[in-house]
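Peer 1: Those protein sequence lines, which keep their order, are chains H and Z.
Using the working numbering, the letters of the first sequence map in sequence onto residues 1 to 390.
Using the working numbering, the letters of the second sequence map in sequence onto residues 1 to 175.
One thing to keep in mind: the hints can contain errors.
In silico EDC-like cross-links for lysine to aspartate or glutamate, where the CA-CA straight-line distance does not exceed 16 angstroms [to be verified]: (1) H/253 <-> Z/170; (2) H/31 <-> H/68; (3) H/228 <-> Z/137; (4) H/379 <-> Z/67; (5) H/212 <-> Z/170; (6) H/155 <-> H/65; (7) H/228 <-> Z/134; (8) H/379 <-> Z/134; (9) H/117 <-> H/106; (10) H/78 <-> H/68; (11) H/31 <-> H/162; (12) H/389 <-> H/163; (13) H/31 <-> H/65; (14) H/389 <-> H/142; (15) H/389 <-> H/368; (16) H/379 <-> Z/125.
Okay, the calculated bits of chain H under chain Z, using three or more residues with CB under 8 angstroms as the criterion [to be verified]: (17) 276 to 284; (18) 354 to 366.
Quick caveat, the hints were computed from the structure, so don't treat them as lab data.
Every residue, glycine too, gets a C-beta built ideally from N, C-alpha and C.
One-letter residues, chain by chain:
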Amino acid sequence: MKALVWHGTADIRYDTVPDPEIEQPRDAIVKVTSCAICGSDLHLYDHVMPGMEKGDIMGHEFMGEVVDVGAEAKSALKVGDRVVVPFTIWCGECDQCRRGNYSVCERSNRNKAMADKLFGHATAGLFGYTHLTGGYAGGQAEYVRVPFADRTHVKIPDGLSDEQVLFLGDIFPTGWQAAAQCDIQPTDTVAIWGCGPVGQMTIRSAVLLGAKQVIAIDRVPERLSMAKAGGAITINFEEESVVERLNELTGGKGPEKCIDAVGMEAHATATLDSIYDRAKQALMLESDRAHVLREMMYVCRPAGTLSIPGVYGGLIDKVPFGMSMNKGLTWRMGQTHVNRWTDGLLRRIQEGQIDPSFVITHSVGLAEGPGMYETFRDKRDGCIKVVLKP
Amino acid sequence: MAYYRRNSSADRMARGLGWFSIGLGVAELVAARRLARWMGMEDQAGLIRAYGAREVATGVGLLAMGDARPWMWGRIAGDALDIATLAAAHHDGNPRRENVATALGTVAAVTALDVLCTAMLHREEAAAWTPPPDYSDRSGLPRPPTAMRGAAKDAPIPADMRTPDILRFEPVGAN
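Pulled out of the complex, with its shape left as it was, chain H reads as follows (with noise of 0.2 angstroms):
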């Protein structure tokens, strides 16, 4: 089968590659019809999260139809259906799955010893995202092995077309987690940093779930524009002073709640800090750039809470946490708990609530899909979200 292959930083490939087959009872075996590049996928791409191998699979964000399905799958999948798959992969089993906690099942990750050094306890396996989550191969393929199948995916019915369900494996529901986790209440300013797909998501999350207002900040025309449309005041950190706006949105007292989807690639050169963080990050002094986190920080509202979507991988510096003690901030983080969300929001789309396809701006096929990632990383050609079609 064809799929797209990390050969090293900045080199994806669409190569042939061996079919997938059914390796455990649990298995199911999808052919992809639709799949995405996710803005987590660019770390990869950019080789600033470690973990990756040449010949790897890229894609965690995918759907299709169900073409083999395991013995110990049959009851709850059948060949044929149509199935939107989660990115993290969950047993339902353990402690963690029977509490909800989809993306720290203790028992997908099949690299738990290598991500036991690195997390000191590993945490759920996902697709396509390094060997530290299990080492899968990703949906940006043909077809597509998924491990403990009988759980691990969303049943789509007729009607629905790929655009409004694909980013139920990821973008919608993670952008979903980032409203819901702030807990929104209708007196609250939400400020959404990043207005990429998640930030998207998470902007007509906070509208939905009621806030009073909801602010983004971003620097790409087209992306705050985009933000606009879906009812964020917006901010243009390269134009004006983040702090100074949010301020007087929010009568000298703060945003109660603080979203970063932007995680650990932030703007390389539009702060001292930022950077400070790429200069350390060349020298492997850093890996990731913190500027969202410190900002955040800085203008929440003490007592209030910060939520984090943003992907990081591992080590933040000149983090100033005297700042968020003294303020009493409440951080809430984690991949998403994707099934937790999905059976609501698939609700929501089908009632016309919101169509989560506004997003796509750029629909290919997967032989084009090395290209997307450039396209998609350097935010040329109004670049927001890239479908693939294998």
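Starting from the structure of chain H, add chain Z where the hints point.
Peer 2: For chain Z alone, kept in the frame of chain H given last:
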């Protein structure tokens, strides 16, 4: 917002100059005294070291900061500084005047490369620039956002994500 294309020929050239900058900078830092003696500028070893630090910083900027243009302008400004310093040392009283002339020639050649690379980078940006697309009709919501505000306020928030009452900013008027 600046648009730039990584991996273009101009960008690759800028990165090459970045590595050159780091190499030269390290040499200036490590062998400042020897370089100063070679050019008859014995009392200026400290200045050469400072220039070395500048070269390293510019090199890291070129290699790590994405858009190469501001760093290339930094290199050109540094070249001007180098030329001014060397020109001041190129006088009849300096027994190493010929070495200074050699250094001046080298810096002039590198300056030409820097200017060429910077011009290429700017030309590339001008050629690639297109007006940003307008996504102001892409709300994803069936009605205007003001009408959709709170449409999902019935969504259950799991216990582990709820804010304790004492940390809530409600009731209205509290802020």
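Peer 1: None of the hints should be skipped; say for each whether it holds.
Peer 2: Verification of the supplied hints:
A C-alpha spacing of about 15 angstroms is found between residue 253 of chain H and residue 170 of chain Z, which places the hinted pair at or below 16 angstroms, so the restraint holds. The hinted pair formed by residue 31 of chain H and residue 68 of chain H meets the criterion: a straight-line CA distance of about 9 angstroms does not exceed 16 angstroms. For a cut-off of 16 angstroms, the pair hint linking residue 228 of chain H to residue 137 of chain Z stands: about 9 angstroms separates their Cα positions. For the proposed pair residue 379 of chain H and residue 67 of chain Z, the alpha carbon gap of about 13 angstroms is at most 16 angstroms, so the pair holds.
With a CA separation close to 12 angstroms, the supplied pair residue 212 of chain H and residue 170 of chain Z stays within the 16 angstroms bound. With a C-alpha separation of about 10 angstroms, the suggested pairing of residue 155 of chain H with residue 65 of chain H holds against the 16 angstroms cut-off. For the hint pairing residue 228 of chain H with residue 134 of chain Z, the CA-to-CA distance comes to about 11 angstroms; that is within 16 angstroms, so the pair holds. Taking the CA atoms of residue 379 of chain H and residue 134 of chain Z, the gap is near 14 angstroms; set against the 16 angstroms cutoff, the hint holds.
A hinted pair counts as satisfied when its Cα atoms are at most 16 angstroms apart, and residue 117 of chain H with residue 106 of chain H qualifies at roughly 15 angstroms. With a CA separation close to 8 angstroms, the supplied pair residue 78 of chain H and residue 68 of chain H stays within the 16 angstroms bound. For the suggested pair residue 31 of chain H and residue 162 of chain H, the alpha carbons sit about 13 angstroms apart, so the restraint of at most 16 angstroms is met. Of the pairs offered as hints, the one joining residue 389 of chain H and residue 163 of chain H holds, with about 11 angstroms between alpha carbons and a cut-off of 16 angstroms not exceeded.
With a C-alpha separation of about 5 angstroms, the suggested pairing of residue 31 of chain H with residue 65 of chain H holds against the 16 angstroms cut-off. Taking the CA atoms of residue 389 of chain H and residue 142 of chain H, the gap is near 9 angstroms; set against the 16 angstroms cutoff, the hint holds. Distance check on the hinted pair: residue 389 of chain H and residue 368 of chain H sit about 9 angstroms apart at the alpha-carbon level, within 16 angstroms; holds. For the suggested pair residue 379 of chain H and residue 125 of chain Z, the alpha carbons sit about 13 angstroms apart, so the restraint of at most 16 angstroms is met.
For the stretch 276 to 284 of chain H, the stated coverage by chain Z holds: 5 residues have a C-beta nearer than 8 angstroms to a C-beta of that chain, and at least 3 were required. For the stretch 354 to 366 of chain H, the assignment as covered by chain Z holds, since 7 residues bring a beta-carbon within under 8 angstroms of that chain's beta-carbons and 3 suffice.
Checked against the numbered hints given earlier, this structure breaks none of them.
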